[in-house]
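Protein chains in written order, with the numbering used here: chain E, 1 to 175; chain P, 1 to 175.
Careful, some of the hints might be misleading.
Which copy? The list can't say, so a pair holds if one copy fits it or any two copies do.
[Unchecked claim] Straight-line distance between alpha carbons at most 25 Å, and here's what the computed DMTMM-like set of lysine to aspartate or glutamate pairs gives:
{"id": "1", "residue 1": "K65", "residue 2": "D134"}
{"id": "2", "residue 1": "K52", "residue 2": "D107"}
{"id": "3", "residue 1": "K16", "residue 2": "D154"}
{"id": "4", "residue 1": "K16", "residue 2": "D107"}
{"id": "5", "residue 1": "K52", "residue 2": "D154"}
Rather than coming from a laboratory, the hints here were simulated on the basis of the structure.
Because the structure is a prediction, the values reported are computed rather than measured.
Number of protein chains: 2
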Amino acid sequence: MTQVAGRDTRSEILDKALELFTRQGYAGTSLRDIADAVGFTKAALYYHFPAKEDLLLALLDPVIKALDALVTGEHTHPASLLAAYLDFIIERRPVVGFVLREPAALDHPALAQVQWDLIVRLRDRVAGPGSTPDDRVRAACALGAVHMAVLSIDPENLPAARDVIVASACAALAG
Amino acid sequence: MTQVAGRDTRSEILDKALELFTRQGYAGTSLRDIADAVGFTKAALYYHFPAKEDLLLALLDPVIKALDALVTGEHTHPASLLAAYLDFIIERRPVVGFVLREPAALDHPALAQVQWDLIVRLRDRVAGPGSTPDDRVRAACALGAVHMAVLSIDPENLPAARDVIVASACAALAG
DNA sequence: GTCTATAGGCAGATAGAC
DNA sequence: GTCTATCTGCCTATAGAC
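Build out the structure end to end from the sequences listed, making use of the hints.
Shown next, in the form of structure tokens:
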């Protein structure tokens with residue numbers, strides 16, 4: 001287990017950082033806050049992450065990669081894509097809850113465009129090929145329905161609500 | 001116009017502050033940023049707003065009051081309430097875009113609970129009296145559909161999309 | 001109503017001991 | 001890998017001139 005200590009510490013830092021970032025925002029969270037939460041000093045953080053921004057990137061990178069995979073993947077039916085997106089979000093609820101709000105992530109030069117492009121590609125795939133502008137509006141509504149449901153429902157009730165959410169999002173898509 | 005100068009300056013400060021807060025977040029925006037944007041110094045801001053937090057409150061207070069009025073108001077049909085909520089958001093798009101993200105607003109002791117209560121009351125009124133848990137999930141979806149649509153659609157196209165959004169949100173509500 | 005000047009604190013980041 | 005100590009700079013906020 002000595003060899004795993006490095007990874008454990010790193011993961012623990014990321015966990016606490018995510019928790020604080022979500023609650024207070026990226027800019028509103030100091031490295032001291034994170035260090036205190038983990039139980040050691042600011043300086044020690046710098047061994048694991050050379051800069052504050054690296055925490056943000058380490059948190060978002062896997063989400064972006066996974067979303068890219070989802071959007072690029074082979075879901076032929078809008079309904080199955082919506083369901084897959086819902087599962088994707090449920091699985092990563094904490095990070096997603098953070099990303100959807102964080103101005104720093106939306107403002108970040110390297111992240112903002114990537115995320116926006118992904119969300120637009122997802123919307124357009126949900127809308128389907130040959131979609132009209134109105135179709136894309138409804139697709140955006142469907143995605144919004146999924147977001148709001150996941151973020152506002154008590155996590156433990158999510159599994160039970162899953163099918164209701166998918167059905168509601170599909171209904172929004174159909175208009 | 002001399003008498004109006006005070007109000008104009010105040011409004012201008014709030015406008016710029018909102019713009020910067022939305023882009024960079026509350027914590028990520030310094031009073032210097034705002035002062036520079038308005039065209040005078042930090043210290044001058046303090047004449048109009050005794051503390052940074054007062055900018056936040058001045059921005060959110062009218063929105064909260066208006067939302068409270070909307071939720072308390074007499075919209076008997078879920079559809080008319082959803083439409084009214086959409087119009088409410090369209091009318092205040094910039095502030096709402098800010099509120100929906102800002103951790104500082106959600107974390108603020110005096111604001112967080114109030115806002116959350118309002119959103120829950122709104123959801124429950126949309127769900128209607130005697131609603132089941134599933135009804136409330138669908139109501140949350142409907143609200144999310146409205147949010148996402150308004151925030152992702154180019155503002156100038158919103159009037160044209162309005163009816164599509166309402167229809168889509170109502171469909172989400174019906175399931 | 002806006003300014004200059006500055007207090008006082010905390011931020012992110014680094015150096016180097018252990 | 002984690003520590004202490006410290007640098008530098010920006011932050012909010014205040015005092016007081018104009």
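Verification of the hints:
In this assembly of identical chains, K65 and D134 lie within 25 Å of each other by CA distance neither inside one copy nor across copies; the values are 29 Å within and 33 Å between. For the identical chains of this complex, K52 and D107 are neighbours both inside a copy (15 Å) and across copies (22 Å), given an alpha-carbon limit of 25 Å. Only within a single protomer do K16 and D154 lie at most 25 Å apart by alpha-carbon distance; the minimum there is 21 Å, versus 36 Å between protomers. In the homo-oligomer, the alpha carbons of K16 and D107 lie at most 25 Å apart both inside one protomer (22 Å) and across protomers (17 Å), since each shortest distance falls under that limit.
With identical chains, the CA atoms of K52 and D154 are never at most 25 Å apart, being 31 Å at best within one copy and 33 Å at best between copies.
Consistency with the previously given hints fails for numbers 1, 5, ordered from lowest to highest.
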